[in-house]
Amino acid sequence: GEDVEQSLFLSVREGDSSVINCTYTDSSSTYLYWYKQEPGAGLQLLTYIFSNMDMKQDQRLTVLLNKKDKHLSLRIADTQTGDSAIYFCVHGGATNKLIFGTGTLLAVQP
Amino acid sequence: NAGVMQNPRHLVRRRGQEARLRCSPMKGHSHVYWYRQLPEEGLKFMVYLQKENIIDESGMPKERFSAEFPKEGPSILRIQQVVRGDSAAYFCASSLRTGTSLSGEQFFGPGTRLTVL
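Quick note, the sequences are listed as chains Y and H, same order.
For the first sequence, my numbering begins at 11 and goes up steadily by one.
For the second sequence, my numbering begins at 937 and goes up steadily by one.
Worth flagging that the hints you see were computed from the coordinates, not collected in a lab.
You may find that some hints are simply not true.
Claimed, not checked - Derived pair list, reagent style BS3-like, types lysine-lysine, alpha-carbon separation capped at 27 Å: (1) H/Lys963 - H/Lys980; (2) Y/Lys77 - Y/Lys46; (3) H/Lys980 - H/Lys1007; (4) H/Lys987 - H/Lys998; (5) Y/Lys46 - H/Lys963; (6) H/Lys980 - Y/Lys80; (7) H/Lys980 - Y/Lys78; (8) H/Lys980 - Y/Lys46; (9) Y/Lys78 - Y/Lys46; (10) H/Lys1007 - H/Lys987; (11) Y/Lys78 - Y/Lys66; (12) H/Lys998 - H/Lys980; (13) Y/Lys66 - Y/Lys80; (14) Y/Lys46 - Y/Lys66; (15) H/Lys980 - Y/Lys77.
As the list claims (entries may be wrong) - Chain Y residues, not near chain H, derived (Cβ > 12 Å throughout): (16) Asp64; (17) Met65; (18) Gln67; (19) Thr72; (20) Leu74; (21) Leu75; (22) Asp88; (23) Gln90; (24) Asp93; (25) Ala117; (26) Val118.
Beta carbons: idealized from backbone N, C-alpha and C, even for Gly.
Only chain Y is shown next, with the shape it has when bound in the complex (with noise of 0.2 Å):
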């Protein structure tokens, strides 16, 4: 079955770097994704991987992608407050509907 798996929690202190965890079962995905949410808000598409990639740069944000393994990873540069948030690892299934891990939240210590 489709399954996403992520750690449930993560504090960091302002200027660390952070790093979430994420592994998934169902490989047939052609993206995969990070959303963010922020209390009481809507979701926010924060970056994608192709799944021919094995990494992704964007400003603060790398993403590593280990195929054979199944394992997804975002890392944030130097962590800001106001990155705190719940980060969902998601990848697409059939049809088009998004398949969401479990969230994991981001505490961050100033």
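Given the structure of chain Y, go ahead and fit chain H onto it with the hints provided.
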């Protein structure tokens, strides 16, 4: 260009009542998706619609839930005879196209938070 709009933002219903959630996709988008987020969980896919058609309803509960996306007007998610377990945030997303290109990117609305008393 306004984003995906959902209303109401908050909805309170008593057990047994009906809940109607509305979603207006982004301008030009004809693909709409509904997701449900239970407390402390990720989003779960419910249904995918195009104008006047249900494409995939594999995530919809078999009873009490229905969805439509008429030719004119917003998409509606309808929950009949609500129970406490229906309390959740319901998110709508829309996309320009479907398939595996990034033009199938889904843009999310702010969600409707349903509370069943």
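Item to complete: List, from low to high, the hint numbers that the structure doesn't satisfy.
Response: Of the numbered hints given earlier, the structure breaks none, since each of them holds.
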